[in-house]
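Peer 1: Starting from the known structure of chain A, arrange chains P, D, L, C and R on it as the hints suggest.
6 protein chains.
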Amino acid sequence: MGMKTISQFQSGESVINYFLVKAASMKSASNQNKYLDVTLCDQTGDINAKLWDASEDFEAVFQPNALVKIKGTVTEWQGKLQLKIEKVRAVNDSDDVDIADFVPSAPHDPAFMYQEVMRYADQIVDQEIQSIVRIILEESKEKLLYYPAAQKNHHSIRGGLLFHVMTMLRTGERISEVYPIINKDLLYAGVILHDIAKLDEMAANHLGIVSDYTTEGHLLGHIIQGIKKVERIAKEINASVEKSLILQHMILSHHSIPEFGSPKPPMIPEAELLHYIDMIDSRMYDMEKALSNTENAKLSEKVWSLNNRRVYKTDF
Amino acid sequence: MGMKTISQFQSGESVINYFLVKAASMKSASNQNKYLDVTLCDQTGDINAKLWDASEDFEAVFQPNALVKIKGTVTEWQGKLQLKIEKVRAVNDSDDVDIADFVPSAPHDPAFMYQEVMRYADQIVDQEIQSIVRIILEESKEKLLYYPAAQKNHHSIRGGLLFHVMTMLRTGERISEVYPIINKDLLYAGVILHDIAKLDEMAANHLGIVSDYTTEGHLLGHIIQGIKKVERIAKEINASVEKSLILQHMILSHHSIPEFGSPKPPMIPEAELLHYIDMIDSRMYDMEKALSNTENAKLSEKVWSLNNRRVYKTDF
Amino acid sequence: MGMKTISQFQSGESVINYFLVKAASMKSASNQNKYLDVTLCDQTGDINAKLWDASEDFEAVFQPNALVKIKGTVTEWQGKLQLKIEKVRAVNDSDDVDIADFVPSAPHDPAFMYQEVMRYADQIVDQEIQSIVRIILEESKEKLLYYPAAQKNHHSIRGGLLFHVMTMLRTGERISEVYPIINKDLLYAGVILHDIAKLDEMAANHLGIVSDYTTEGHLLGHIIQGIKKVERIAKEINASVEKSLILQHMILSHHSIPEFGSPKPPMIPEAELLHYIDMIDSRMYDMEKALSNTENAKLSEKVWSLNNRRVYKTDF
Amino acid sequence: MGMKTISQFQSGESVINYFLVKAASMKSASNQNKYLDVTLCDQTGDINAKLWDASEDFEAVFQPNALVKIKGTVTEWQGKLQLKIEKVRAVNDSDDVDIADFVPSAPHDPAFMYQEVMRYADQIVDQEIQSIVRIILEESKEKLLYYPAAQKNHHSIRGGLLFHVMTMLRTGERISEVYPIINKDLLYAGVILHDIAKLDEMAANHLGIVSDYTTEGHLLGHIIQGIKKVERIAKEINASVEKSLILQHMILSHHSIPEFGSPKPPMIPEAELLHYIDMIDSRMYDMEKALSNTENAKLSEKVWSLNNRRVYKTDF
Amino acid sequence: MGMKTISQFQSGESVINYFLVKAASMKSASNQNKYLDVTLCDQTGDINAKLWDASEDFEAVFQPNALVKIKGTVTEWQGKLQLKIEKVRAVNDSDDVDIADFVPSAPHDPAFMYQEVMRYADQIVDQEIQSIVRIILEESKEKLLYYPAAQKNHHSIRGGLLFHVMTMLRTGERISEVYPIINKDLLYAGVILHDIAKLDEMAANHLGIVSDYTTEGHLLGHIIQGIKKVERIAKEINASVEKSLILQHMILSHHSIPEFGSPKPPMIPEAELLHYIDMIDSRMYDMEKALSNTENAKLSEKVWSLNNRRVYKTDF
Amino acid sequence: MGMKTISQFQSGESVINYFLVKAASMKSASNQNKYLDVTLCDQTGDINAKLWDASEDFEAVFQPNALVKIKGTVTEWQGKLQLKIEKVRAVNDSDDVDIADFVPSAPHDPAFMYQEVMRYADQIVDQEIQSIVRIILEESKEKLLYYPAAQKNHHSIRGGLLFHVMTMLRTGERISEVYPIINKDLLYAGVILHDIAKLDEMAANHLGIVSDYTTEGHLLGHIIQGIKKVERIAKEINASVEKSLILQHMILSHHSIPEFGSPKPPMIPEAELLHYIDMIDSRMYDMEKALSNTENAKLSEKVWSLNNRRVYKTDF
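Protein chains in written order, with the working numbering: chain A, 1 to 316; chain P, 1001 to 1316; chain D, 2001 to 2316; chain L, 3001 to 3316; chain C, 4001 to 4316; chain R, 5001 to 5316.
These are calculated hints, taken from the structure and not from any lab test.
Any given hint could be a false lead.
To be verified - Listed next, the in silico DSSO-like pairs over lysine-lysine satisfying Cα-Cα at most 30 Å (straight line):
(1) 1022/P / 5022/R
(2) 5069/R / 5022/R
(3) 3264/L / 1302/P
(4) 5143/R / 289/A
(5) 2034/D / 4084/C
(6) 71/A / 4152/C
(7) 5034/R / 3084/L
(8) 1050/P / 1004/P
(9) 298/A / 4152/C
(10) 2004/D / 2069/D
(11) 5069/R / 5034/R
(12) 1264/P / 2034/D
(13) 1022/P / 5298/R
Excised from the complex, chain A in its bound form (with noise of 0.2 Å):
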């Protein structure tokens, strides 16, 4: 018996560990026994498992997103794992585990990307541009550190948004070395702000797992609300009117058509760029996932995020 992730799990043998509960649902067996049918996960994927005979007792223990310590057996059912839970209980302090080593996480440490995103924003040369974007990002700090850039697709991963964007940044740099005509100043605060509303739009929770959008994030929609922040911001520190246009513009464009939720296309270079930048990182990042799942020489499932693509794998 050992303390294997799932993805080490093997047929017949015990296991104990720490998981966190995705769902759980209390159901009857054909014998009309209650049993608790639940899908358990760690950073390495899910499985499914069964409390058999089980009082209502546990359904306290089994809560959406709680983590629990579980002994139990791995079996084998119509050609799939399954975990026959033993013994469970809740976790409490004196376990010391993280719940960030059980949910999807960006692969960086999120005080580590913060700093990167602001020593982006220390480099804008403008003054008021480079102050609208720290003030921005740092009374957005706390949510930012957990936050996903989506609830399902690319980046719904704890900490995505702030990934998302220091990836865009790293990106953007480098092509503004190819085009002149781009300003880093505007392109650098575009990238930041594009989607830092979509922390006013989803409800999120410290795993960075989205419950819901927000009444605002329905009715309005980030990309408004990221432009009345930036109006807001703007206003209280007496900044340039055009320069508060301009990242305002950005925003709003950076979907850059109406169907997608632009009603106005990019109309500088730097707005035009931000858009092409945000798609290649959400891109990559869905291939990349793609593809982590399929063989070489072999095609993915459809990939409802590329719309519906499959992605195919080299085997060179």
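Peer 2: Here is chains P, D, L, C and R on its own, set in the frame of chain A:
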């Protein structure tokens, strides 16, 4: 000779009257002599006019949007009437002519229309909503008295925006009688505010003629500008966040679909109804205009703003 | 024990009442015994019910659209209420129950609605148009009293078509006050006739439930069927060809664009207005229905007939 | 000097012949003298012609669609041939010229084509369907002999509608040999009736030139008009309701999709095939016409009716 | 007991016959015993079958696409026939059964169809074009004899591709009689080659059942693959560059519009006609299939490959 | 008098210089005398020029794309500068002028750009991929040195294709640093090959001006032509089939969606990135060009290649 309006001109007669200069340019005849090619208008229509062998001094008189007094003879050229200018001078204060008599204008007095709209605003029961609406109407009063609702298309006339809003309020009031689900406070506020930022989106002169869009109009558009305006006023008077949000949502969604500039569809009945009242009023305006130039039992020319439809005038 | 409606049921209590059978099928439990799985409804809602160890005799009782009297106990299964049927019999004449109390129906008495629509028809000044409308209303009277306006979606309730037409007439009457260009004769006639051939397109029973489309409904559709109906009646009474044509055009164009079934767009103001009144009435209906199941300050589920929009219920 | 047709003209020679006037307008030269600017045609093509120093009397001679006898000299202007008119007179009865020799016409004699179509009608086995078709052909005979199939685009030539129908029948007959599922009665009837109401939709003169659409054509269109025609005839002869319905469905669906005017798609094989035979015949016509003006191994100009395609003429 | 085909089964009778295994999976009954849940087919249809209390040995017998001999009893379960398997064994050589009798197949013998297609190829007058076509037909012969034309949808049957091509050639031959503009050499070659690379795009077994697309099929598709095939063969025989190009163009454009996979539209009449013949053949196939399961005077279910249309079966 | 470039011309001065003839045509003045109406250009811009009373001998001198030496006087006509030609002769060898100085050209020396692209090709580690790329670059070298990337739109300048490729390589190199998933061999090869067959699709002269598309360009297009080129070279060097396939897939998918010419979407990350780098480079080019003619704080004219967007030039 008489003070006939353009629609009364007949070939061969001498006329004298005041006209508005819509456009003018110096050209060369085949004998190399210069002449001024002018488009004149009054509220009854347009006519082409020529000032032969024109010295350059006259270019100063024939400025676009200037009023001029002209004596001339009506001629006919390839089936169309034309005016041969014989005498011309700029209008001065002593002429006592009102520019409003020379541009297409709303069929009601601006002051009356403003008062009507205010009367609806006063019927809004919710004090916060009423305040937001009244403050915006008051700070917009000066421009509202002459702004058109568009550069071209429906209600692109002096006072057109106010006329559009007033008529929509009348329609909205009546439809509300049929559907008790409708909150009149929201509907009236939505109607009054939906296009209010056209005052900021377009640059129009006192004749109600739009020269161009403003920079902010180009980069954000009146929907976003209107949302920001409501946000600002609502904050200033400490209005309820939800009420402010709902008003902003009504502005945001009033074009109904992303392709027409609304990233969010109407999500409350009042917003849905606002969209349809807006459509009805613009379509009734365009159809009435198209039919006014059409004979009974005939079809109009294709009307661009009606998606290139031709409209039919019934004969009974 | 009491005569509670479905929306009043509480877990554990005994109930006795009349219900309408929406659907029923014989199934096998895991112990191989047969049971009837039934959906019951009244005007307040639906409930799943079980008749355990059911003999095949009961299949005759639980016919779709039959009324039954049931005694049973309300139970709870996986968070949902269920009815355990203990006694059941078919309804007979002596029960004196009215089917109309068990199906979703228009909120007005059919006879009253028919009278209202007739009242509008009588206001049509043009005698030929009035005759066409009256003849069609009279020959359609029997079906109009119970037909819904659709198989699913808006106004798919008993008497729904009549309710839809009556409400549109009320709206049309009021909007006509604002736009003098509108010929009320045409508008009223257009409203009354626009969907009249739904009586021929769909096969509905007296409960206002549509089983299917008719063959002609499938192959031509109510728009074409309506045109042919007007053509026939107009010929029979020797009405003016132009008037008949205009009414046919209003039917043809009332969906506004080809993609929604109108090969010609509205080409007279009354046809254009008809389209918008139709949209307003269906949208107000769908939104009211969606909001009736929604808590304050919450969003509804996605509503298919509203293009999958969610609707928000304001909290003030 | 000789009776050359326009395609035979060479610069510098004197010609005398009959021509059709397509268009003419009085203009002023830079010396202020008036001249008539004329477009003449015969079946071989068009040429621009000038009558210098023309008195207004000549305007009466050069009426559109008039036949004239002209003596003149072929000149060349900026690389194009032109005709300098020296003598002109209107054609009178003694000239014995046939208008049909001056307009683009179908390549078969109208009487022959009508006979051919009738021959197919006679092959319809079902007596009711045959009667409907024959009655309509007979009452349409006079117009069918000269009507084009369109105002512009494919088969917009004298007798074009008949030519279109005859060719489609030949194609349909042959395809039916391959697919036994096809009911020839329905296919022949569908082909003959699908565009028959173009006779009512468009107003054409005896030259097969369409001046405009009729009012009913504008407001309903030939698809609806054709349906009503079949409905009327079928009722008159007491034909089976289902057969009438199927013929109406074939007319309704022959454009295949709503965007092109068919609210219902073809729902029987004969209707589906009708659509494709219609497409094939119009496309073959347009391509043949485009290629007739194209050199080997070259591409044609863009052809509007072929969705702006250019067509290639092979070199082998 | 008899050798009845599936469509002849009646509840209660004993049967013995050969069947093809379409799918099989081991399941657990509520009493925990295992059983095999099997789908069997022959050319007359499908039936669900159960092997109760099955040992795992039977899984080897019930491989997908295997032929088995079964003795069993026809039962009925919830209104559907089912087969209770009593005895089963794998088929061996001595059984002398032909797989072709158990899968849906083209209605002609593959060898005959291949010969027919070759007969058309031999009618191609141009020697270079004929050679290209013949070489490709010869090197494709083995696969052509069983390949379907698609994984699902039209002609997804054994020998379906050859059947599709043969029928299209017959149609093409006949339409060419009507349109002299058509070069038969090109048309026949285009028909034979248009889908030829489906042999490379899909991986099908000898039953004509496609398991998946090949990698090249996924990444390039049969249109591109077909172009490369023609290019290669034409080069090998030193054929005229223009002829090779024209054949490639026909393959490239045969889906007509970019949305369906043709980046270039047909630019020669033969390519345009090829597209329509392809459409006709697939639509006639799908409609015939849909109608074969439909009663007279009824509509079929919605057919996915016909854009979800329902098809009507006439009653005369 | 001096050797001023066109952008330096001022009204009234005498000039002498070399110019490129873009277009010229003989016209008639109103006094019937002939004159040549000419458009001249150098790298700084265009100017209209007139040679009055021109004999036909001059037509030979003013051939499109010819270099001429001209002496003349700058005049002004209706607000625009014009050149009155006083002396003109064709350029001969002794003039020692370089055509490259008179046409819009890439901002780098073609030889340098070719060398740069080759430097990236040399960095491809995989020897087969490198060989394919190098062979194609070498056989394309002569044309690459002057071919534009398009007939109109982005990079339609001398050497534009090479400039486009070189800049994309620089961008691709930098983005690869951020995304380790990217195989640089594939990305570099894809960038170099994606548009290589534009050399075969368009017919351009040594000035980099495209007169038309080639026949193969019209009938297949550069995407298909590029695929065939890679197929041929890969076969010649016996390269791995999979590698050849992947390169072909990158060419095929680089327009991303069928509507823009790619029947298959990008299915590997390098193909997806290639698409976006292509978009970025063309958009940055078009925006830079549009802004170069725009004042600060103003919007450009509508730019066709940017989907009719206007671009804004910031003022800070």
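Peer 1: Looking back at the numbered hints, which does the structure fail to meet, lowest number first?
Peer 2: 1, 4, 6, 12
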